[in-house]
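Asks: Here's the letter readout for the chains.
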Amino acid sequence: MLRRLATTFTALLFATASALAQSPAGQDGFVPASSLPPGQEIPAAPLLIGSYATFLLLMMFYLWTIWRRIGRVEKELHELQRRQGAAGR
Amino acid sequence: MFARVALLVLKKDVAIELRSYEIISTTVFFAAACVTIFSFAFARDDEAMKFSAAGILWIAVAFSGTLALSRTFERERYGETLKALLMAPAPRPAIYLGKLLGVIALLLATEVLVVPMVALLFHSPLFERPWLFVGLLVTGTVGYAAVGTLFAAMLVRARTRDVMLPILLYPITIPVIIAGVEGTTALLQSPIDDAMATLWLALLAFFDVVFITLSLWMFEPLMTE
Amino acid sequence: MRTLFVPLVAVTAAMFVYSPIYIANVPYESTMLLVQKIFYYHFPTWIAGAVAVLLCGAASAWYLFKGSAVADRVAVASAELGVVFGAFGLVSGTLWGRKAWGTWWAGDARTSMALVAELIFFGYLLVRRYGGPGSEKLAAAMGIFGAATAPFIYKSVDWWRTIHPKTSVMGSLTATEGGTIMWGAVMYCTVTFMLLLVVVLQARVRLEELRARVDQLYLSLED
Numbered sequence: 055m056l057r058r059l060a061t062t063f064t065a066l067l068f069a070t071a072s073a074l075a076q077s078p079a080g081q082d083g084f085v086p087a088s089s090l091p092p093g094q095e096i097p098a099a100p101l102l103i104g105s106y107a108t109f110l111l112l113m114m115f116y117l118w119t120i121w122r123r124i125g126r127v128e129k130e131l132h133e134l135q136r137r138q139g140a141a142g143r
Numbered sequence: 008m009f010a011r012v013a014l015l016v017l018k019k020d021v022a023i024e025l026r027s028y029e030i031i032s033t034t035v036f037f038a039a040a041c042v043t044i045f046s047f048a049f050a051r052d053d054e055a056m057k058f059s060a061a062g063i064l065w066i067a068v069a070f071s072g073t074l075a076l077s078r079t080f081e082r083e084r085y086g087e088t089l090k091a092l093l094m095a096p097a098p099r100p101a102i103y104l105g106k107l108l109g110v111i112a113l114l115l116a117t118e119v120l121v122v123p124m125v126a127l128l129f130h131s132p133l134f135e136r137p138w139l140f141v142g143l144l145v146t147g148t149v150g151y152a153a154v155g156t157l158f159a160a161m162l163v164r165a166r167t168r169d170v171m172l173p174i175l176l177y178p179i180t181i182p183v184i185i186a187g188v189e190g191t192t193a194l195l196q197s198p199i200d201d202a203m204a205t206l207w208l209a210l211l212a213f214f215d216v217v218f219i220t221l222s223l224w225m226f227e228p229l230m231t232e
Numbered sequence: 004m005r006t007l008f009v010p011l012v013a014v015t016a017a018m019f020v021y022s023p024i025y026i027a028n029v030p031y032e033s034t035m036l037l038v039q040k041i042f043y044y045h046f047p048t049w050i051a052g053a054v055a056v057l058l059c060g061a062a063s064a065w066y067l068f069k070g071s072a073v074a075d076r077v078a079v080a081s082a083e084l085g086v087v088f089g090a091f092g093l094v095s096g097t098l099w100g101r102k103a104w105g106t107w108w109a110g111d112a113r114t115s116m117a118l119v120a121e122l123i124f125f126g127y128l129l130v131r132r133y134g135g136p137g138s139e140k141l142a143a144a145m146g147i148f149g150a151a152t153a154p155f156i157y158k159s160v161d162w163w164r165t166i167h168p169k170t171s172v173m174g175s176l177t178a179t180e181g182g183t184i185m186w187g188a189v190m191y192c193t194v195t196f197m198l199l200l201v202v203v204l205q206a207r208v209r210l211e212e213l214r215a216r217v218d219q220l221y222l223s224l225e226d
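Residue numbers (this note's numbering), protein chains in the order written: chain A, 55 to 143; chain B, 8 to 232; chain C, 4 to 226.
Just so you know, the hints here were simulated from the structure itself, not pulled from any lab data.
What you are looking at is a predicted structure, and each value in this text was computed from that prediction instead of being measured.
Using N, Cα and C, we set each Cβ at its ideal position, and we do this for glycine too.
It is possible that part of the hints are untrue.
[Unchecked claim] Partner residues aside, some chain C positions facing chain A, computed with beta carbon under 7 Å:
(1) R131
(2) R132
(3) L204
[What the hints assert, rightly or not] Partner residues aside, some chain C positions facing chain A, computed with beta carbon under 7 Å:
(4) F46
(5) I50
(6) V208
(7) L213
[As the list claims (entries may be wrong)] Chain C residues, not near chain B, derived (Cβ > 12 Å throughout):
(8) Y21
(9) P30
(10) R76
(11) T106
(12) V119
(13) A120
(14) E121
(15) A143
(16) I147
(17) A151
(18) F155
(19) I156
(20) L198
(21) E225
(22) D226
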């Protein structure tokens, strides 16, 4: 259940990020004036949005791994405490 | 006392090595094989080859250095002699310094053969500024050996020492290798970039001081069980 | 510290939610325009990463000389955070470089040194994970050496002929038009990232504490 939720969430994030990355690239409003000929200008918006989306995804993923690891260890801890309680009796 | 212990450890290592020439011969052979492979692997364009010499020289030093380090301490492990050495009533940093001097001597001896070989195979004018070049070589070797000796000594006890030595050693010594390569490249430029080479030499000397200080400081707690 | 955890999480989350709005309202930098806005996350990431790395070095030294188990846990946690922040710093740097320098990887001094630091701390995690018994001390030595290279990364742009902006760029920022607003945004994001570092570090240290308790329970069950 949790895993499915996480997958859906990540997929959604990916979808919105890519949608966001595409829409401003289509408009020409952000192309800065520079010495380069207009054909060779690299659009900035996808890079910018890609950067912020990477951060969001990376942090989400990392926090999720911590959360999952803590959950797993806590489960193990409870199991051990139960066994210790049973052995003590 | 301190210097005497260090020199005694060095003397012991040299005496053992001179009996069989095992480590020096295998290390030199390995380095020579490395350089030969590289000489075939790179393009035969004369200008490109001249510059690749800097990188290849330092890669050969780094790789053969790992071999020399692990062999040196493998020898100590066989007879549990490092343990005995550490039990001796001597300052531990002095033991580290003695081992370090031994490793440096070994690597410099290897370089005596490898450097002319690189110069020959890659048509590199390495000796246009002999003092600067030797300075770069010695400071780079010292920095590499300082970290290497510390980690190889620690790994004597570890089960996974063969995997762990490169994992520990290479990332930390990359700055030293970069500085060595950049400094040597500056010497290969025409006209020779003296200022740049001196800057890298200074940086290498700085690395040496930092690495040796840290190692001397950490050797004691690291080697206590 | 633990009672502060929930409020801290709330503050950090709120600040993060507001940060894109803040950044969007900051005026464009005059030469780089839109792409310069990567800076508002790029700079704080490296600051947080550098703090994590230095913390790892200090905690490693504390563990090595005092044998403190808490310091050891802090060292692992901060090394991992350093790797995560470093990874994002490298990604955002390459994306920015693509636009500003015209190439993904310019091989410039600071980017190369940052990659080296990332490798060192990734190696640290590998040693912790696969080093077997006694790897804590090995890793501690590596953490100390890794922290020692951090000042080199910081100063590398001032020493080497390179294209990355110099360290003086922050000081000169306030002198330009709209600079104070930009500077405010940078500071806002830096504070946000430091809070994030504190919050995640706490959670990560808690994980290590739980692991230590599990190990202890296993030992006591075996007796």
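Asks: Verify the interface restraint on C:V208: the C-beta must sit less than 7 Å from at least one C-beta of chain A.
Replies: At 11 Å from the nearest chain A Cβ, C:V208 fails the 7 Å test, so the hint is violated.
Asks: In terms of Cβ atoms, is chain B entirely out of 12 Å range of C:T106?
Replies: holds (19 Å)
Asks: Identify whether the interface hint at C:I50 stands, where standing means a beta carbon of chain A within less than 7 Å of its own.
Replies: violated (14 Å)
Asks: Confirm or reject the statement that C:A120 sits farther than 12 Å, beta carbon to beta carbon, from all of chain B.
Replies: Non-interface label fails for C:A120: nearest chain B Cβ at 8 Å, not farther than 12 Å.
Asks: Any Cβ of chain B at or closer than 12 Å to C:E225, or is the non-interface label fine?
Replies: holds (22 Å)
Asks: Find the nearest Cβ of chain B to the Cβ of C:E121 and say whether that gap is larger than 12 Å.
Replies: violated (9 Å)
Asks: Report holds if the minimum CB distance from C:Y21 to chain B is greater than 12 Å, and violated otherwise.
Replies: holds (38 Å)
Asks: Grab the minimum C-beta distance from C:L213 to chain A and call the hint holds if it beats 7 Å, violated otherwise.
Replies: holds (4 Å)
Asks: Against chain B, does C:P30 hold up as non-interface, every C-beta pair farther apart than 12 Å?
Replies: Correct as stated: the minimum Cβ-Cβ distance to chain B is 39 Å, above 12 Å.
Asks: Can we keep the C:L204 interface hint, with Cβ of chain A closer than 7 Å?
Replies: violated (10 Å)
Asks: Interface hint check: C:R132, Cβ to nearest Cβ on chain A, cutoff 7 Å. Holds or violated?
Replies: At about 13 Å, which exceeds the 7 Å cut-off, the nearest Cβ of chain A leaves the hint on C:R132 violated.
Asks: Taking 12 Å as the cut and beta carbons as the points, is C:A143 off the interface with chain B?
Replies: violated (8 Å)
The structure does not agree with the numbered hints 1, 2, 3, 4, 5, 6, 12, 13, 14, 15, 16, 17, 18, 19 stated previously, though it agrees with the rest.
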